[in-house]
Amino acid sequence: MKRVGIIGIGHGVFGRRSDATVQELAFEAFRAALDDAGIERHLIDASVIGSVPEYHKQRSLAGVVQEYLGLVPKPTWLTEVACASGSAAMRTGWMAIRAGLHQVVAIIGCQKMTELSTAEILALMGRVGEVQWESGFGTTFPGYYAMFAKRHMHEYGTTREQILEVAVKNHFYGAKNPNALFRKEITTEKAMASEEVATPFQVYDCCANADGAACVILAAEDKAKEISAKPVWLDGVAAATASMSVLRRPHLVGLPSAEYAAAEAYAMAGVGPTDVKVAQVHDCFTIAEIMAYEDLGFCEKGEGGPFVADRQTYIGGQVAVNVDGGLKAKGHPIGATGVSMTYEIAKQLRGEAGERQVPDADVGLTHNVGGIGQYCFVQVLKRD
Amino acid sequence: MFKWFGKVNYTPYTKVSDFAQHLRDGRLMGSRCNSCGATSFPPRADCEECLSGDFEFFEVSGRAKLHTFTKIVAAPTGFEDVAPYLVGVVDLEEGGRALAWFGDSIAEDEVEIGMELQVVPRIFEESEEIKVYYSLEPPGTTWSKTELS
Chain A
0 MKRVGIIGIG HGVFGRRSDA TVQELAFEAF RAALDDAGIE RHLIDASVIG SVPEYHKQRS
60 LAGVVQEYLG LVPKPTWLTE VACASGSAAM RTGWMAIRAG LHQVVAIIGC QKMTELSTAE
120 ILALMGRVGE VQWESGFGTT FPGYYAMFAK RHMHEYGTTR EQILEVAVKN HFYGAKNPNA
180 LFRKEITTEK AMASEEVATP FQVYDCCANA DGAACVILAA EDKAKEISAK PVWLDGVAAA
240 TASMSVLRRP HLVGLPSAEY AAAEAYAMAG VGPTDVKVAQ VHDCFTIAEI MAYEDLGFCE
300 KGEGGPFVAD RQTYIGGQVA VNVDGGLKAK GHPIGATGVS MTYEIAKQLR GEAGERQVPD
360 ADVGLTHNVG GIGQYCFVQV LKRD
Chain B
0 MFKWFGKVNY TPYTKVSDFA QHLRDGRLMG SRCNSCGATS FPPRADCEEC LSGDFEFFEV
60 SGRAKLHTFT KIVAAPTGFE DVAPYLVGVV DLEEGGRALA WFGDSIAEDE VEIGMELQVV
120 PRIFEESEEI KVYYSLEPPG TTWSKTELS
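Those sequence lines, one after another, are chains A and B.
Residue numbering for the first sequence follows numbering that gives the first Met the number 0, starting at 0 and increasing by one per position.
Residue numbering for the second sequence follows numbering that gives the first Met the number 0, starting at 0 and increasing by one per position.
Do not rely on the hints blindly, as some may be mistaken.
[To be verified] Straight line, CA to CA, 20 Å or less: simulated EDC-like cross-link-like pairs of lysine to aspartate or glutamate: (1) A:LYS175 - A:GLU66; (2) B:LYS70 - B:ASP24; (3) B:LYS70 - A:GLU66; (4) B:LYS14 - B:GLU58; (5) B:LYS14 - B:ASP45; (6) B:LYS6 - A:GLU119; (7) B:LYS70 - A:GLU195; (8) A:LYS56 - A:ASP44; (9) B:LYS64 - A:GLU194.
Source of the hints: derived by calculation from the structure; they are not laboratory data.
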């Protein structure tokens, strides 16, 4: 089978972007990716848009983005799997190329989270869980992950200090990323003093909603070699699901969808967890990053807390994780996040990450979760 | 009458609608597949195992152990007036799980994973319309039941 290569990457600034519409945000990332690839846009055969529709006033966003990017009459479509929508766009673009349908596909993750009022956001927040049996008790996103955290602490002795170490690390690196929403370091003491959200979580355990866009241009192997001097190969492109209801999960100390997708992605790429030098994982809440270390096999089940506390996921440790700030410090424009993860890994594998560069980064991984784990996408990327 | 279930109800129409009526009558019901016998709580009309759509309700004891919990401080729309509130996920003795609020009979500092609990059918007394739910109470808690119709 022919490989699929990344030939161009682009990223906008994440944050409260009251200066732009969602298609204008998409344009910033797309334009940067075209320049990075050094190609004219007529070479692009199709685009795939990763975005979550219920946050936008504009209905059926893909067509509007396609028009604004000047890609009409080429085809486009939208993928939606909650916070993993960007990785779903990557995966369907990859499929279209592997199927021989298209040669060059632009993947655009874009989201404006701030078009909605606080009241509208609070109403949406009430429906993140399984609405028939759970939402009637007022469950929330942080509430679910807080329950994972409580159980993890109970079964493995994971401590609050270890959990907050994730936030401290991700802010440390976010401070060095010009595209990040929060660009300042924090201390454990400061995080411990922040307001309660859902016990044991406080404000600093939670990522922040943001507006933003990222773009990755994919090409078939021959085309990628012809266009790019330094293609990054998308060799593992796996996806899996877990039950949406926490009442039907085999356990609540990790995400079964992530375990499944990781095994599949490693097999597709012919690598194992110890080969991964740099990873972007879905740290929507602090505990989510700890569970990701375990689900991805970076450490044993239950060892995620000590793993981060021992600085094993800082640059210089066993595997550098979220050294762009992660969702926590970079911000989480949900449709853009998956594409932003791939952008960062491509930058790392090309050796262009500046002061955040991971030495000898040759194999990278992304782990993008939708909802509370009902979807998970894992990619393994390699350089030549 | 599934619209009775939950402080806020998002799914008034379901094939397991009678669950709410049973809950009002003081009974906590799971589902049993009439084809293969597989059981489920929460109930489901269509069997996950054999895909049969033929099911019946059966009463579960409500005896349970706490699997995990949280106190939700930042509440969504419709729950501002009750925040903060303690939510727990319990493993039921007969299998399956339930997510529910803790009743006032249990203080926050008494809550610990693994504790034994009783899932108790409840009616919102303060509401004019019928609103039913269930809460987590100490083992041995009793409540009134009407005869199974």
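Verification of the hints:
no.: 1; hint: A:LYS175 - A:GLU66; result: violated (34 Å)
no.: 2; hint: B:LYS70 - B:ASP24; result: violated (29 Å)
no.: 3; hint: B:LYS70 - A:GLU66; result: violated (46 Å)
no.: 4; hint: B:LYS14 - B:GLU58; result: holds (17 Å)
no.: 5; hint: B:LYS14 - B:ASP45; result: holds (9 Å)
no.: 6; hint: B:LYS6 - A:GLU119; result: holds (19 Å)
no.: 7; hint: B:LYS70 - A:GLU195; result: holds (9 Å)
no.: 8; hint: A:LYS56 - A:ASP44; result: violated (28 Å)
no.: 9; hint: B:LYS64 - A:GLU194; result: violated (30 Å)
Consistency with the previously given hints fails for numbers 1, 2, 3, 8 and 9, ordered from lowest to highest.
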